[in-house]
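Chains as they are written, first to last, in this note's numbering: chain A, 1 to 112; chain B, 1 to 116.
Keep in mind that the hints are not guaranteed to be accurate.
DSS-like cross-link-like pairs, simulated, lysine-lysine; straight-line CA separation at most 30 Å [to be verified]: (1) B/11 with A/42; (2) A/58 with A/42; (3) B/57 with B/11; (4) A/58 with A/68; (5) A/42 with B/57; (6) B/15 with A/68; (7) A/69 with A/49; (8) A/49 with B/11; (9) A/68 with A/49; (10) B/57 with B/17; (11) A/58 with A/69; (12) A/42 with B/15.
Non-contacting residues of chain A with respect to chain B, defined by C-beta distances greater than 12 Å in every case (computed) [stated by the list, open to error]: (13) 15; (14) 45; (15) 46; (16) 56; (17) 69; (18) 71; (19) 75; (20) 84; (21) 88; (22) 103; (23) 104.
These are calculated hints, taken from the structure and not from any lab test.
All C-beta atoms in this analysis are idealised placements derived from N, C-alpha and C, irrespective of residue type, glycine included.
Letter by letter, the chains look like this.
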Amino acid sequence: AQSVTQLDSHVSVSEGTPVLLRCNYSSSYSPSLFWYVQHPNKGLQLLLKYTSAATLVKGINGFEAEFKKSETSFHLTKPSAHMSDAAEYFCVSPGTGNQFYFGTGTSLTVIP
Amino acid sequence: GAGVSQSPSNKVTEKGKDVELRCDPISGHTALYWYRQRLGQGLEFLIYFQGNSAPDKSGLPSDRFSAERTGESVSTLTIQRTQQEDSAVYLCASSLSGTGYSYEQYFGPGTRLTVT
Chain A
1 AQSVTQLDSH VSVSEGTPVL LRCNYSSSYS PSLFWYVQHP NKGLQLLLKY
51 TSAATLVKGI NGFEAEFKKS ETSFHLTKPS AHMSDAAEYF CVSPGTGNQF
101 YFGTGTSLTV IP
Chain B
1 GAGVSQSPSN KVTEKGKDVE LRCDPISGHT ALYWYRQRLG QGLEFLIYFQ
51 GNSAPDKSGL PSDRFSAERT GESVSTLTIQ RTQQEDSAVY LCASSLSGTG
101 YSYEQYFGPG TRLTVT
């Protein structure tokens, strides 16, 4: 079975500083992994996805994530936070059958 | 083009009443998912439809929950005899296919259900 663990429930950064949202996965095979963002009162939007093509994945809005098999990690980063980045972020992996497993989410606060 | 739409956006109901939530997926998307998101928590898988195949109901929490989908179009999620613990945001997502893990899910804005 495959699952994901988001290591931080809340992250707070100052505007213009780097963002790091951590996700670890557990799997016995090379997984597919996704990051989604959920802004307040909005639906979830795909930020980026990893499907074994490249370990460094670039997404929308300047976000990127690196798949590290040795560390079983898929952390989400952005060099410089913007106020509009404040949202809930979910790390997601396909599971058994037709399910997708969502992490518990990381709430990002950006301080002006 | 149009995204996934859900209705109503908000629903307040009394305990014990039945509610019906609607999802209109993106045209051409064969896979459709329903999730529940309780306050401050991640998404909980409820049910999955893929084309005309039998749905995967393994995530439904009780027999008070049911869902239907007409072909590859509209889906309705029905909760009978609602309980206060059913209060949550119910999210619908669709994708081109559920069998390829690289397929992105497109989410609707959700229905916020409050059971009083």
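Consistency of the hints with the structure:
no.: 1; hint: B/11 with A/42; verdict: 16 Å, holds
no.: 2; hint: A/58 with A/42; verdict: 23 Å, holds
no.: 3; hint: B/57 with B/11; verdict: 23 Å, holds
no.: 4; hint: A/58 with A/68; verdict: 15 Å, holds
no.: 5; hint: A/42 with B/57; verdict: 26 Å, holds
no.: 6; hint: B/15 with A/68; verdict: 48 Å, violated
no.: 7; hint: A/69 with A/49; verdict: 15 Å, holds
no.: 8; hint: A/49 with B/11; verdict: 33 Å, violated
no.: 9; hint: A/68 with A/49; verdict: 14 Å, holds
no.: 10; hint: B/57 with B/17; verdict: 22 Å, holds
no.: 11; hint: A/58 with A/69; verdict: 18 Å, holds
no.: 12; hint: A/42 with B/15; verdict: 27 Å, holds
no.: 13; hint: 15; verdict: 25 Å, holds
no.: 14; hint: 45; verdict: 7 Å, violated
no.: 15; hint: 46; verdict: 5 Å, violated
no.: 16; hint: 56; verdict: 17 Å, holds
no.: 17; hint: 69; verdict: 17 Å, holds
no.: 18; hint: 71; verdict: 21 Å, holds
no.: 19; hint: 75; verdict: 18 Å, holds
no.: 20; hint: 84; verdict: 18 Å, holds
no.: 21; hint: 88; verdict: 9 Å, violated
no.: 22; hint: 103; verdict: 6 Å, violated
no.: 23; hint: 104; verdict: 4 Å, violated
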